[in-house]
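Chemist: From first to last, the protein sequence lines stand for chains W and D.
As numbered in my numbering, residues 682 to 795 make up the first sequence, in order.
As numbered in my numbering, residues 613 to 727 make up the second sequence, in order.
Relax, there's no trap hidden among the hints.
Computed footprint of chain W on chain D, listed as stretches where at least three residues anywhere in the stretch have a Cβ under 8 Å from a Cβ of chain W:
#1 650-662
#2 718-727
Label-pair ranges, simulated between beta-carbon atoms:
#3 W/P767 / D/I672: 36 to 42 Å
#4 W/H688 / D/H622: 28 to 34 Å
#5 W/I693 / D/E678: 41 to 47 Å
#6 D/S651 / W/S699: 27 to 33 Å
#7 D/S684 / W/Q710: 31 to 37 Å
#8 W/L755 / D/Q670: 29 to 35 Å
Hints are computed from structural coordinates only; laboratory data are not their basis.
Note that CB positions come from ideal geometry on N, CA and C, so glycine has one too.
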Amino acid sequence: GAVVSQHPSRVICKSGTSVKIECRSLDFQATTMFWYRQFPKKSLMLMATSNEGSKATYEQGVEKDKFLINHASLTLSTLTVTSAHPEDSSFYICSAFRSGTEAFFGQGTRLTVV
Amino acid sequence: AQSVTQPDIHITVSEGASLELRCNYSYGATPYLFWYVQSPGQGLQLLLKYFSGDTLVQGIKGFEAEFKRSQSSFNLRKPSVHWSDAAEYFCAVGPPSGGSYIPTFGRGTSLIVHP
Chain W
682 GAVVSQHPSR
692 VICKSGTSVK
702 IECRSLDFQA
712 TTMFWYRQFP
722 KKSLMLMATS
732 NEGSKATYEQ
742 GVEKDKFLIN
752 HASLTLSTLT
762 VTSAHPEDSS
772 FYICSAFRSG
782 TEAFFGQGTR
792 LTVV
Chain D
613 AQSVTQPDIH
623 ITVSEGASLE
633 LRCNYSYGAT
643 PYLFWYVQSP
653 GQGLQLLLKY
663 FSGDTLVQGI
673 KGFEAEFKRS
683 QSSFNLRKPS
693 VHWSDAAEYF
703 CAVGPPSGGS
713 YIPTFGRGTS
723 LIVHP
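The following block holds chain W by itself, in its conformation from the complex:
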């Protein structure tokens, strides 16, 4: 089946620094990718929809200047958490959608801001 690779799986950063998370579709071209945030014991909250070659669409309440999304190719989307703060600590999951099938999920990134 299709594979989506997310990197890194875990990252610890200092408050005020930026962190980049990569989401790659390994064996298919993903026209659309989604970024989710998951709080402990909570469901996945959609942050933004990333479309190749165009600007991401952010959900209400998500700061686009804080969570920068770039979808430069059909196999790669990146999420950059800028000027990270402890409250940004969370589990971030990407998914890549291949037209005509379901969305495939990465293994997630645990971000801890200290």
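Starting from the structure of chain W, add chain D where the hints point.
Modeler: Using the frame of chain W, we list chain D on its own:
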């Protein structure tokens, strides 16, 4: 807008017992329906999906789900639970739109398996 309700936050079963996880959705037409499983600290793995056709869907790991339009439900079942099934289970709905969708997830049901 579509929504998904998973009424049970936790379900506890004994190993070998049968399992049913409930999922109700709200959507004006027939949506795409999914069940995902998440192990601690991991991403989501698709168990099964319903797009159309036979309302009883077979998935991986011995799971099945039945789409009941009259009840707007898509409950997940397994006849005999294994200890390795302990995980978080998410039901999701995705309205078809031009061949793609944005899935909306339920809040999840945590499955606890007693030996």
